[in-house]
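Protein chains in written order, with my numbering: chain A, 1 to 308; chain B, 1 to 494.
Hints should not be assumed to be uniformly reliable.
[As the list claims (entries may be wrong)] Listed next, with one range per pair, are the computed distances between beta-carbon atoms:
#1 E97/B to R282/A: 58 to 66 Å
#2 S121/A to E97/B: 42 to 50 Å
#3 G21/B to S121/A: 36 to 44 Å
#4 P264/A to I134/B: 53 to 61 Å
#5 R252/A to H152/B: 45 to 53 Å
#6 I134/B to D136/A: 30 to 38 Å
[What the hints assert, rightly or not] Cross-link-like lysine to aspartate or glutamate pairs, in silico, EDC-like; alpha carbons within 20 Å at most:
#7 K111/B to E160/B
#8 K111/B to E53/A
#9 K115/B to E48/A
#10 K146/A to E177/A
#11 K113/B to E48/A
#12 K113/B to E59/A
#13 K113/B to E97/B
[To be verified] Some chain A residues near chain B, calculated using beta-carbon distances under 7 Å:
#14 F52
#15 T76
#16 N107
#17 L110
In short, the hints are calculated from the structure, not lab data. The C-beta atom is built at its ideal place from N, Cα and C for all residues, glycine as well.
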Amino acid sequence: MLGGFQGVPTLRFTRRLLAVFLVPAFAGLLVASSETDTTRLEVGLIPERNVFEQVARYEPLTDYLSNELGRRFELTMLSRYGNMIERLTRRETQLAFLGSFTGALANAQLAMLPVARPVNSDGTSTYYGRIFVRRDSGVATVADMKGLRLALVERATTAGYVFPLAYLRSNGVTDLENHFSEVRFWGSHDAAVMAVLEGRADVGAGKNTVMDWLAARDPRVVEQLVVLASSPRVPSNALFVSSLIDDALTARIRDVVLDLHKTPEGRDILIRLGASRFVTTRTKDYAPVLELAEKAAIDLDSYGYINP
Amino acid sequence: MRRRFIVSLTLLFVLFGVGSGVGLVELRRSSEELNSLVEMFAVEDMRRDLQRQLGLAEQSLEVSGTVFADNSDELIATVRELERQMFACTDCHHEGESLQLIDLGIDLVGKYKSKFSVFFTAIGDDPWRERLQIEVAAIGRELETTVGSIRHLATAQLSEHISAARARVGRSRAVLTTTVTASFLTALLLAAGFMRRATEPVNKLIDAAALIAEGQAGVQIEHREIGRLGVLLEEFNEMSLALWTQARQVERQAVEVRKTRDAALLTLARLAESRDNETGCHLNRISAYSREIALALARSPYADRIDERFVEQLAKSSPLHDIGKVGIRDSILLKAGPLTREQEEEMRRHTFIGGDTLRSVIGTEADGHFLRMAMEIAYCHHEQWDGAGYPRSLAGEKIPLSARIVALADAYDCITSVRVYKPAYSHGEAIRRIIADRAHHFDPVVVDAFLLCHERLDEIRRSTETELSEHDQEDRSESGILIDFRSDRSTTEG
Numbered sequence: 001m002l003g004g005f006q007g008v009p010t011l012r013f014t015r016r017l018l019a020v021f022l023v024p025a026f027a028g029l030l031v032a033s034s035e036t037d038t039t040r041l042e043v044g045l046i047p048e049r050n051v052f053e054q055v056a057r058y059e060p061l062t063d064y065l066s067n068e069l070g071r072r073f074e075l076t077m078l079s080r081y082g083n084m085i086e087r088l089t090r091r092e093t094q095l096a097f098l099g100s101f102t103g104a105l106a107n108a109q110l111a112m113l114p115v116a117r118p119v120n121s122d123g124t125s126t127y128y129g130r131i132f133v134r135r136d137s138g139v140a141t142v143a144d145m146k147g148l149r150l151a152l153v154e155r156a157t158t159a160g161y162v163f164p165l166a167y168l169r170s171n172g173v174t175d176l177e178n179h180f181s182e183v184r185f186w187g188s189h190d191a192a193v194m195a196v197l198e199g200r201a202d203v204g205a206g207k208n209t210v211m212d213w214l215a216a217r218d219p220r221v222v223e224q225l226v227v228l229a230s231s232p233r234v235p236s237n238a239l240f241v242s243s244l245i246d247d248a249l250t251a252r253i254r255d256v257v258l259d260l261h262k263t264p265e266g267r268d269i270l271i272r273l274g275a276s277r278f279v280t281t282r283t284k285d286y287a288p289v290l291e292l293a294e295k296a297a298i299d300l301d302s303y304g305y306i307n308p
Numbered sequence: 001m002r003r004r005f006i007v008s009l010t011l012l013f014v015l016f017g018v019g020s021g022v023g024l025v026e027l028r029r030s031s032e033e034l035n036s037l038v039e040m041f042a043v044e045d046m047r048r049d050l051q052r053q054l055g056l057a058e059q060s061l062e063v064s065g066t067v068f069a070d071n072s073d074e075l076i077a078t079v080r081e082l083e084r085q086m087f088a089c090t091d092c093h094h095e096g097e098s099l100q101l102i103d104l105g106i107d108l109v110g111k112y113k114s115k116f117s118v119f120f121t122a123i124g125d126d127p128w129r130e131r132l133q134i135e136v137a138a139i140g141r142e143l144e145t146t147v148g149s150i151r152h153l154a155t156a157q158l159s160e161h162i163s164a165a166r167a168r169v170g171r172s173r174a175v176l177t178t179t180v181t182a183s184f185l186t187a188l189l190l191a192a193g194f195m196r197r198a199t200e201p202v203n204k205l206i207d208a209a210a211l212i213a214e215g216q217a218g219v220q221i222e223h224r225e226i227g228r229l230g231v232l233l234e235e236f237n238e239m240s241l242a243l244w245t246q247a248r249q250v251e252r253q254a255v256e257v258r259k260t261r262d263a264a265l266l267t268l269a270r271l272a273e274s275r276d277n278e279t280g281c282h283l284n285r286i287s288a289y290s291r292e293i294a295l296a297l298a299r300s301p302y303a304d305r306i307d308e309r310f311v312e313q314l315a316k317s318s319p320l321h322d323i324g325k326v327g328i329r330d331s332i333l334l335k336a337g338p339l340t341r342e343q344e345e346e347m348r349r350h351t352f353i354g355g356d357t358l359r360s361v362i363g364t365e366a367d368g369h370f371l372r373m374a375m376e377i378a379y380c381h382h383e384q385w386d387g388a389g390y391p392r393s394l395a396g397e398k399i400p401l402s403a404r405i406v407a408l409a410d411a412y413d414c415i416t417s418v419r420v421y422k423p424a425y426s427h428g429e430a431i432r433r434i435i436a437d438r439a440h441h442f443d444p445v446v447v448d449a450f451l452l453c454h455e456r457l458d459e460i461r462r463s464t465e466t467e468l469s470e471h472d473q474e475d476r477s478e479s480g481i482l483i484d485f486r487s488d489r490s491t492t493e494g
């Protein structure tokens with residue numbers, strides 16, 4: 001790129017001058033970066049919405065953690081829900097913002113521990129799953145669903161898979177393929193909602209938060225959809241820390257995120273995340289998820305699959 | 001002057017400010033231009049990264065799953081940086097073509113981000129996902145092509161912008177150099193002008209003071225100064241005027257003093273004359289004779305020593321030649337018969353008495369010449385060319401010319417006038433005797449001058465004789481006594 005400037009003697013001289021001074025400086029930086037690589041901590045994100053926007057939302061938080069703790073926190077976008085455990089293991093990702101089911105899964109298989117989770121601007125820090133149909137479908141029971149098309153989200157979501165599976169099993173449906181004419185994973189909660197709303201599916205499952213978010217933008221969600229069942233509340237996306245990280249660092253990370261709302265810079269970060277503060281999150285908060293998994297006949301210790 | 005100074009200084013600052021401003025603006029534009037080019041060219045780095053990332057993503061799209069996710073971090077970072085870079089280019093590039101391409105690139109980045117995110121979360125292998133895959137890849141290729149076009153455009157613009165920037169830098173340098181030089185020269189001219197303006201009155205003052213020191217009191221300085229310098233010049237003019245007035249007064253007083261002194265001296269000379277037995281017009285004739293002889297000398301070898309001033313001073317000082325006789329006792333001065341040697345010695349002392357008296361009254365330079373000449377004459381009018389005279393027996397050129405002239409004039413008057421010890425001889429006899437003493441008693445050159453003007457001397461003598469009484473003439477004419485005019489009278493033998 002700089003080849004275009006070679007016809008300008010002054011700039012060429014400047015470049016040489018810069019080279020004399022900057023080469024040693026860069027060498028120093030390389031040494032420094034190789035040193036800091038040992039302090040690098042990877043923070044995984046679930047692709048729950050536009051991945052670029054998600055990176056932009058979480059980047060201020062990781063920058064803040066880097067400054068406060070003297071370690072280099074870097075974001076990485078985890079693959080779709082189901083492949084996450086494999087990726088966390090392979091890349092030795094030390095921290096991750098995980099959903100309720102993936103968090104429970106990481107806790108069961110990788111011994112990752114929940115540290116804290118954001119409180120939404122409406123004061124909630126939990127969500128629940130919904131099973132919904134079009135109001136004009138006339139469907140009111142599981143029996144009514146026979147032969148219809150089922151829209152799920154992904155195999156590693158509480159609201160979009162575990163809860164409907166548990167609900168259907170509780171209502172006598174153990175073989176989805178036989179009960180429904182089509183069972184399709186739409187990849188995201190909003191995709192599942194939109195599939196039912198637009199008639200590409202008949203029965204859907206998804207998060208209440210996503211459905212409410214869509215309802216605020218599209219009145220058809222309220223007008224044309226009806227909720228048949230709701231799950232118990234489960235923790236919203238929380239920060240999990242690998243058991244390989246020492247307790248002192250875990251405690252420091254927890255302290256930093258729990259105190260974010262106390263500083264102007266921290267409050268700016270929370271605004272970017274759409275949260276008012278972080279609250280402490282413990283393993284026991286995931287008891288509803290474990291119950292749902294059990295009802296769904298999912299063994300968290302051995303649950304594993306690779307999305308196509 | 002102060003106002004002019006402020007105005008000039010302001011103009012100088014304005015000149016310097018405008019020049020520097022123009023130069024700096026040009027430099028700033030050049031700098032911005034190059035910075036924007038550098039920013040634009042940063043897109044090329046992004047294009048390369050993007051090309052690589054898109055290639056990997058396109059391969060991974062088909063594989064999907066974890067492999068795809070492994071590449072996504074770099075791709076997300078690349079696309080975000082590309083978007084940031086393009087927004088930066090939008091701020092600094094305003095050319096239509098560039099702007100259109102960059103806007104298109106930003107639009108494509110937005111589309112790519114949206115479609116990529118949808119694909120990222122999509123699962124399954126149904127046609128919908130395949131369509132998403134195709135769309136993402138297509139947008140990616142279009143994006144890559146667009147970024148490549150931006151890069152090509154930047155390359156095309158590079159040489160043009162660099163040439164423009166270099167020309168602008170050259171212009172800036174010229175403007176700054178001209179400004180600095182012009183400001184420096186203007187400052188020098190202003191400084192020289194103000195220096196001259198500031199020192200002019202002082203120089204005038206110095207020149208005027210020098211003129212006053214040379215005696216030209218009353219000189220006035222013309223000026224237009226105000227303030228303290230103006231007051232000083234006015235006071236100087238007043239002082240000069242006062243000095244002139246005082247100098248005139250002193251001069252008048254000096255003239256009065258000189259007149260008084262001259263009158264006193266002349267009175268003294270007449271007193272001496274009146275005590276002697278000589279005729280009352282003797283002093284007038286000596287003066288007239290000396291003048292005529294001096295005028296005749298202007299045509300002699302002594303011409304270079306004779307000028308109008310010499311002639312006038314000689315006429316004025318010659319009557320004082322015998323002023324010393326006031327100090328000679330009457331018994332000697334008025335003795336009718338021959339003097340004894342002692343009396344003769346005392347008589348000769350009148351030359352010292354006269355010379356010393358005049359020496360004591362020689363005053364200012366203005367009239368010093370006249371009195372000095374009178375003193376020389378008083379001392380030396382009895383000296384002789386051949387050294388036989390008295391009181392110091394000087395000879396030749398050692399005797400002042402004035403005394404040599406007066407000696408001849410005195411002798412002529414003595415020969416042609418009546419004395420108590422001799423009668424008056426004729427003009428012809430006087431010529432004969434004077435010629436006889438040429439180069440003995442008298443300077444031969446002076447004798448030659450006398451011979452040139454003797455007729456004029458005779459006329460003067462005759463005109464004064466009419467004032468003498470016939471009685472005196474009869475008593476004293478042709479007495480037959482031979483006198484020696486060398487000592488005014490004959491001395492006793494033995």
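Item to check | chain B contact restraint for L110/A - C-beta distance below 7 Å | outcome: With a closest approach of 15 Å, the L110/A hint is violated.
Item to check | Restraint status (C-alpha distance of K115/B to E48/A at most 20 Å) | outcome: holds, 14 Å
Item to check | CB-CB spacing for D136/A and I134/B relative to the 30 to 38 Å hint | outcome: Between I134/B and D136/A, where Cβ atoms are some 34 Å apart, the hint holds.
Next on the checklist: Holds or violated: K111/B and E160/B, Cα atoms, limit 20 Å.
Outcome noted: At roughly 33 Å apart (the allowed maximum being 20 Å), E160/B and K111/B break the hint.
Checklist entry - Taking only the CA atoms, is the gap from K113/B to E59/A under or equal to 20 Å? => result This hinted pair holds, its Cα atoms lying about 17 Å apart.
Item to check | Hint consistency between K111/B and E53/A [alpha-carbon to alpha-carbon, up to 20 Å] | outcome: holds, 13 Å
Checklist entry - Does N107/A meet its interface restraint, that is, does its C-beta lie within less than 7 Å of any C-beta in chain B? => result Result: violated, 21 Å to nearest chain B Cβ.
Item to check | Range hint 45 to 53 Å (beta carbons of R252/A and H152/B) holds or violated | outcome: Holds - the Cβ-Cβ distance for R252/A and H152/B, about 51 Å, lies within 45 to 53 Å.
Checklist entry - Is K113/B close enough to E97/B, meaning Cα to Cα at most 20 Å? => result Violated. K113/B to E97/B sits at ~24 Å, over the 20 Å cutoff.
Checklist entry - In this structure, is the beta-carbon distance linking E97/B and R282/A contained in 58 to 66 Å? => result Once the Cβ atoms are compared, 60 Å apart, the range 58 to 66 Å for R282/A and E97/B holds.
Item to check | Satisfaction of the T76/A interface hint, Cβ to chain B closer than 7 Å | outcome: holds, 5 Å
Next on the checklist: For a C-alpha distance cap of 20 Å, please report whether K146/A and E177/A respect it.
Outcome noted: holds, 10 Å
When each numbered hint is compared with the structure, violations occur for hints 3, 4, 7, 13, 16 and 17.
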